[in-house]
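J.: The primary structure of each chain is shown beneath.
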Amino acid sequence: MRKVTKAPKIKTNEGPPDKKVTVMCNVVDRPDATYPVTIKPYKLDLTQFGSKVRNMVTFRITNVSDKTLTPEMVAIADRYFKVDLPESIEPGESGEARLKLNESALDQEFEKSFTFELNDPVKSRFTVPVKRKLRPSIQQEISSDTQGGSSD
Amino acid sequence: MRKSITTIIIALSLLFLFSTVMAGPNLAIPEPSFDFGYVPQHAKISHVFWLHSTGDSTLVITKVTPG
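In order, the protein sequences belong to chains A and B.
All residue numbers for the first sequence refer to our numbering, where the first residue is 1 and numbers rise by one.
All residue numbers for the second sequence refer to our numbering, where the first residue is 1 and numbers rise by one.
Bound conformation, chain B alone:
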């Protein structure tokens, strides 16, 4: 009996720890890359990337660095 209570407590502790680690903002980018293929020189082209906030708190984009 005591053994099963201990097992339940450990399981609940792990669950709490896991949910604490997983909590917070999370950014998911379903399609993180795009190939334009052939593009004429000096052309301005564009593509839309969808950013999904999949965490359990508000996602804030603080900086975007060109690369």
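Pulled out of the complex, with its shape left as it was, chain A reads as follows:
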């Protein structure tokens, strides 16, 4: 795990000093072995492959600590999706969470994320990446391949 901090500067016509925003995170090499929870899958992919609309995905949050945990959303790209988190997760138990795309996001490609915080002593935060790509329908590809071909 390594701590990463970035602080881009914003120059305006206000003059110096430049303002800045700061983002920080702990990059984990083994996202399947985090504490006090593990998230499976730890990356959410809502790529649209066929004509059947993929607008929802579920994932599990497992409490690997010895205290009851309450996840609370702190930041979400709510223009694109909404997430229902379990109210609380007992020690050793898993809770199911659900991400649902907004109607307006169905025809969009994006890479966003959401962040939730736990009520453990250090207020651990976890950020889950969410990706959506639009792929042409496999059936459409097949039909376009066969169109124009000679038939026996």
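Among the clues, some could well be false.
[As the list claims (entries may be wrong)] Taking lysine-lysine and the DSSO-like style, the derived pairs with C-alpha atoms no more than 27 Å apart in a straight line are: (1) A:K20 to A:K133; (2) A:K40 to B:K44; (3) A:K19 to A:K43; (4) A:K11 to B:K63; (5) A:K20 to B:K63; (6) A:K6 to A:K20; (7) A:K52 to A:K82; (8) B:K44 to A:K100; (9) A:K43 to A:K131; (10) A:K20 to B:K44; (11) A:K133 to A:K67; (12) A:K131 to B:K44; (13) B:K63 to A:K100; (14) A:K19 to A:K6; (15) A:K3 to A:K67; (16) A:K100 to A:K40; (17) A:K100 to A:K52; (18) A:K123 to A:K6; (19) A:K40 to A:K11; (20) B:K44 to A:K11; (21) B:K44 to A:K52; (22) A:K6 to B:K63; (23) A:K123 to A:K67; (24) A:K40 to A:K133; (25) A:K40 to A:K67; (26) A:K131 to A:K6; (27) A:K52 to A:K19; (28) A:K3 to B:K44; (29) B:K63 to A:K52; (30) A:K123 to A:K40; (31) A:K82 to B:K63; (32) A:K6 to B:K44; (33) A:K67 to B:K63; (34) A:K123 to B:K63; (35) B:K44 to A:K43; (36) A:K52 to A:K123; (37) B:K44 to A:K19; (38) B:K63 to A:K133; (39) A:K3 to A:K123; (40) A:K19 to A:K82.
Treat the hints as calculated values from the structure; they're not laboratory data.
Position chain B against the provided structure of chain A, taking the given hints into account.
T.: Same frame as chain A, but now just chain B:
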């Protein structure tokens, strides 16, 4: 009487000077930092920062430098 007129003039001058100094664009960032916590390697993540123009003239962002 003359003393109070002088005091009023000084007060008005200071007020004018103060308003001149405060005039112009101003950028306020209510939450200038965000902690993502644990993030899987090679993930693309994002966060929205709100920038508020709180001055009395148009704020222009001229450059953003990655850091």
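J.: Each hint should be assessed against the structure and marked as holding or not.
T.: Hints, verified against the model:
1. A:K20 to A:K133: Violated. K20 (chain A) to K133 (chain A) sits at ~32 Å, over the 27 Å cutoff.
2. A:K40 to B:K44: The hint holds at about 17 Å.
3. A:K19 to A:K43: Roughly 32 Å between the alpha carbons, so the hint for K19 (chain A) and K43 (chain A) is violated.
4. A:K11 to B:K63: 5 Å, holds
5. A:K20 to B:K63: Between K20 (chain A) and K63 (chain B) the Cα gap is close to 11 Å, so the pair holds against 27 Å.
6. A:K6 to A:K20: 10 Å, holds
7. A:K52 to A:K82: The hint holds at about 20 Å.
8. B:K44 to A:K100: 19 Å, holds
9. A:K43 to A:K131: 8 Å, holds
10. A:K20 to B:K44: This hinted pair holds, its Cα atoms lying about 21 Å apart.
11. A:K133 to A:K67: Measuring from Cα to Cα gives roughly 38 Å; hence the hint is violated.
12. A:K131 to B:K44: 9 Å, holds
13. B:K63 to A:K100: 36 Å, violated
14. A:K19 to A:K6: At roughly 13 Å apart (the allowed maximum being 27 Å), K6 (chain A) and K19 (chain A) satisfy the hint.
15. A:K3 to A:K67: 26 Å, holds
16. A:K100 to A:K40: 16 Å, holds
17. A:K100 to A:K52: 15 Å, holds
18. A:K123 to A:K6: Distance ~21 Å between K123 (chain A) and K6 (chain A) Cα, so the pair holds.
19. A:K40 to A:K11: 41 Å, violated
20. B:K44 to A:K11: 25 Å, holds
21. B:K44 to A:K52: 26 Å, holds
22. A:K6 to B:K63: 16 Å, holds
23. A:K123 to A:K67: Holds - the C-alpha atoms of K67 (chain A) and K123 (chain A) are around 13 Å apart, at most 27 Å.
24. A:K40 to A:K133: 20 Å, holds
25. A:K40 to A:K67: The given pair, whose Cα atoms are some 20 Å apart, holds under the 27 Å limit.
26. A:K131 to A:K6: 22 Å, holds
27. A:K52 to A:K19: 46 Å, violated
28. A:K3 to B:K44: 16 Å, holds
29. B:K63 to A:K52: 43 Å, violated
30. A:K123 to A:K40: Holds: K123 (chain A) and K40 (chain A) sit about 20 Å apart, inside 27 Å.
31. A:K82 to B:K63: 33 Å, violated
32. A:K6 to B:K44: 14 Å, holds
33. A:K67 to B:K63: 47 Å, violated
34. A:K123 to B:K63: It is violated: about 35 Å lies between the C-alpha atoms, which goes past 27 Å.
35. B:K44 to A:K43: 10 Å, holds
36. A:K52 to A:K123: Violated: K52 (chain A) and K123 (chain A) sit about 39 Å apart, past 27 Å.
37. B:K44 to A:K19: 24 Å, holds
38. B:K63 to A:K133: 31 Å, violated
39. A:K3 to A:K123: 16 Å, holds
40. A:K19 to A:K82: 31 Å, violated
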